[in-house]
Amino acid sequence: MAAQHRRPLARILATATAAVAIGALAGCAGGSGEVNSDYGFATAEQTADSTITVWVDAAREPIAKAFEEANPDVPISIETYDGNAGGSGSFQTKVALFDQSGEGWPDVVFSTQTNDASWAAKETNGVQAFAAPLNKGYFSDDFLNGFTDGANDPMTVDGTVYGLRNDLAPVVLWYNKPLLDQFGYDIPTTWEEYEALGVKLAAEHPGYILGSIGDSFVGTYVYYWGAQAPIFQLDGNDFSSDFEDDHSVAMTDMLDSMSANGTLVQDSVFSAPFVENYSDKIVAMPGPAWYAGALFQNPDSINATAGEFGAADPLYWEGEDKVTGNVGGGVWYASSHSKNLAAVETFLEFATSSDESAALNSGLPAYDSAASTWLDAQAESNFFAGDFKSAVSTAAASVWGGWGFPSFSPETAYAAVVVPALAEGKTIADVVPDWHEQILNEAQVQGYTVK
Amino acid sequence: MGVDNFVKVFADYRFWPAVQHVALFVVIWLISLTILVVLLALLVHAIRVRWLSSASRFLFYIPGALAGASSVMLWLFLLDPAVSPVSGILNAFGLETFVQTVSLDNLPVIFTLIAFWAGAGGWIIIMYGALNNIPVEVMEAARIDGAGPVKTAWHIQIPLMRKWISYMAVMSLAAGTQLFVEPRVLSQASKGVVPPDYSLNQLAYLFAFRQNDFNGSAAISLLLLVVAAGLSALFVFRGGLFERD
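Read top to bottom, the protein sequences are chains X and B. For what it's worth, our numbering labels the leading residue of the first sequence as 3, then goes sequentially. For what it's worth, our numbering labels the leading residue of the second sequence as 7, then goes sequentially.
To be clear, the hints were calculated from the coordinates, so they are not data collected in a lab. Don't take every hint at face value.
Said to hold, decoys possible - Pairs of lysine-lysine residues, derived as DSSO-like cross-links and limited to a Cα-Cα distance of at most 30 Å, are as follows: (1) Lys124(X) with Lys96(X); (2) Lys14(B) with Lys96(X); (3) Lys124(X) with Lys14(B); (4) Lys453(X) with Lys14(B).
Bound-form chain B, shown alone (with noise of 0.2 Å):
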């Protein structure tokens, strides 16, 4: 019965590994991002050129564009260092190989440089309105007050934009959470060197498909809702993203 569904999933040799694989690249991939794309839209909003502030948000946007599986079939021609445009940089890690590239330790990094890569520009263009929607009373006041780019962007900007990086890191916390077509598609890539039960859902994938168990699937899908909802609660309070002005 349902509960035994839970002890089987637990007691899965696959899922704890599971858990730390996905914890860790979460952790990654909301910092860099959180960092990066607050960083970035700073920089574009700053930008007083009209044409190259609009380029660059252009330019931002396109990888994203191409998502989802595409999106990890170009990663693989960047990854394997026999065909990488960009196999100077592999090489000067260390990696020689493709196999070497896709090492387990490697893959947190690797799956938040393509989650960045297609996902981050979206958010740059979100953020950059969110700075639009300061009003420009606001701004002149700090700059009458004699703050600089620097001390504006972290007294004014980031605490005005404090709602819009909370939803931000919602939406990528479920979206990473549920890990799943990078690492399928460089698990069939790598034949199997990336392991196939890498993330939890593509063990709840394994358990429903390949062992015919959808109990264990949805137990597995359960637990997965438990904590991403537990999450979101944490940065829907502390980022007072239904507070009223």
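Next up, chain X with everything else stripped away, as it sits in the complex (with noise of 0.2 Å):
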């Protein structure tokens, strides 16, 4: 009995083992190689005609069709994924699962997050960095400077770029202008009077709300960075946050205040529940650019109708510089492990410069020509009301530089401390030291030296 017990175990052992020396090897594998000087980092053999897998998320599948649509001699196979959101670290995960066992790796990736190159530029075990060095010979440097000043500088790591911004999200206020002449309020500029007008509304018109704290990204990215709170701050490596600022308290305390008289609500703007309760309850709202395809035009979500809601330019503390937050922009990567990067970069090239990619991004596309021709595409619709071509051009300029990207997103610890504690019925001034040390927290084990 006892022997026939060893036996299996045994086997588990050397099993291991082999497995533990195939996987060593696989890594070395990885690390060697020369470095083209055509394109500026070690190359795959290339092969031409070999498919090209693409990963994409539920929106960007769209891009992606259309241009195997286009491109019908080109051999595409795409592939849909979470696209990272919330920093659900999927991108990376996967990636070093492919770095493990030394295939596999998809060719072109796309992700809602801005943060990736932190880790995508780097190698990793041994294995050469994920993401391909774009501006070391492989794209033309006239290619390059189409995008707008600036939209590639978070994927920018001494002077390579790594990755190439589908779209700028920066934050604008939007609001519903019927709403807004029948309760007879003006639209609000600064965010003292965003909060004046949360306390006028809650008392004259209970029910009608002004925006929503219940998604990571909204708290983080659209108030917190809107306010120029330094909660998320990296220098070099050493990463710091500070809840004690002015800008920081300020904010927190018009959220708890908007969020107690009911004008901030805790829904998820992508929630059934926020569609079917609020979609005709939005006064003003502040909000990424993209919230315009996403939402306002999106027959799944808001559905507005034309000339019922417009962008206006950024809120910003009264007597402050006039800047605004971002809400991510999605980054598309170039594998450095590609068999076939001529198609990578006609694939890239569509996605991010063509007028059919822009005819389907919800938001306003990083690449200058194809930003012109969204916004005067969403001009002439005439869906927006307002100046729309302003609001979002004033702020795409203006997007506060202080925010840091390191690699682990904010919203994790917003998701994990302050989200559960609102629906508790608790206020963010009391979970603050709990997220301050979540942050922290995060940031010592992604390996910064947190000050």
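Take each chain as given, in its own frame, and dock them per the hints.
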């Protein structure tokens, strides 16, 4: 009996040892390779006509499909994944698995996060960095210069560009024109006016709202970033988070008081209850430019009628710089392991700069010519009230530069600490210490020096 | 070197909360699983109507066919009061939103429900088989001595099922300490309200694939192995799993 028991164990051990050995070999295999001077990195052996695998989230699938239709000669396999939404880390974890096996990487990846270059541009455990350097010979300078100034900065490490920005996502103030007219309110221009409007609205028209704080991207990027709150800052390898700063405290107070009077709700803007209960109750709501396609013109979401909603200049603190926040803006990455870099280049140029993809973009394209196409199309359609083009352009040029892009997302701490606390009836101020601690812990685990 | 990895893991701010989460889940789950499975198996075994008995065994077994992540997907709908067919029950517990439902305090119970729903059916069938193995003479002797169903169950059936119960406990303990799929899917579905580092296996996963620290990941896995092996040994010896009759 005992001998019989021992044998499988020995077999498992042998298998495990073999697996480890294979893993080690695979790890070594990825690290070698000569730098290809045409591209500026060690390329895999190129095979013309080999199929490129493209990972997109559901919202970007139409762009990939449009490419497939327009380029029938380029073999492409489109796969959808969560797009790394909410800082889920699925992009990184999947790539790490491929790094282990030494094969299987996708050729093109779309990510909704802007901070992936912090890991994708680095060699990991001896395997070449996943993201291909794009400005060292791969893409032409002519093409790269077509991006809006600064659009590719979050993906630039020491002068090397590792990703192409899909869209800019500056925060504007969305408002419902018929409701404002009906209630006799002016469009708020500062956070102070916004908060005052909340008090008035709660008293005069309870049930109507000025936004939601139930999404981690809204809490962090729309409100705290837009308030110039230095809660997520990176300087070299030093990470810092200051909730005691006047800007942070003022924003926390504002959110708590508006949450208390009911003008800020807790439902995620993407949730069914939000759409059902608040589609016709939103008087104004700060949010990224991509709300245009993702919420207002989306038949599955708010599905507004033409002329109902408009975009106004972003909110700022009275007497301070007119700056705003930014909610992601997706990024396209090319794999440095791709066997068909030519096809990848064709795809990425189509996805970022073509008019076809601009028409399918839910937000403001990061490529200048595509951006004008998009803005003109929005203006022509007269869907949005007011001077949409001017508001979005103003916002795009005034994103506050103090927010950091470390290798983790500020969304995870907000989701884990603040969202459940709000659901329990606590205020943000109640959990600021826990939230602060969680952010610092995450920074420390990721190897940053916490200040 | 080796020991440093353990020190690093112990010092990680996510480690001890994850230990607590998994321990609490395993305790709640093992206790409820053992009691309910034994009870249900005894009930099914006591059903004298042939078709009813086989039909109920079949019903118990069905949920087990929908395993792993797909079963969690189904639970996502059940747990969201906005779309749940049992939203009345959730509301009765004061749960109005998905975020409230999946709060940290509720998770051990939720994972117990999911695990029980998916896994208990198979165990009920196995326990039923164990009950069938009890010689008819023994059962008859008990009846002649005047033992009712409750006394028979307590003094005859359960003691004779001891090995099977400890077998179930060992297997479920191994599965329970490796809690991963359920919190992982819930974490993604709740956009991070259920933290991505809820369980130890998730933490090992994050160490390996978020921090590229395979050594730290291996350290967590080894710790899990040691704890699970120790507890299993307890069940094996207390349950007399390797004793010959």
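Structure-based check of all given hints:
Restraint check for Lys124(X) and Lys96(X): satisfied, since their Cα atoms lie roughly 15 Å apart, inside the 30 Å limit. Restraint check for Lys14(B) and Lys96(X): satisfied, since their Cα atoms lie roughly 24 Å apart, inside the 30 Å limit. Taking the CA atoms of Lys124(X) and Lys14(B), the gap is about 23 Å. The hint holds against a cut of 30 Å. With a C-alpha separation of about 20 Å, the suggested pairing of Lys453(X) with Lys14(B) holds against the 30 Å cut-off.
Of the numbered hints listed earlier, not one is contradicted by the structure.
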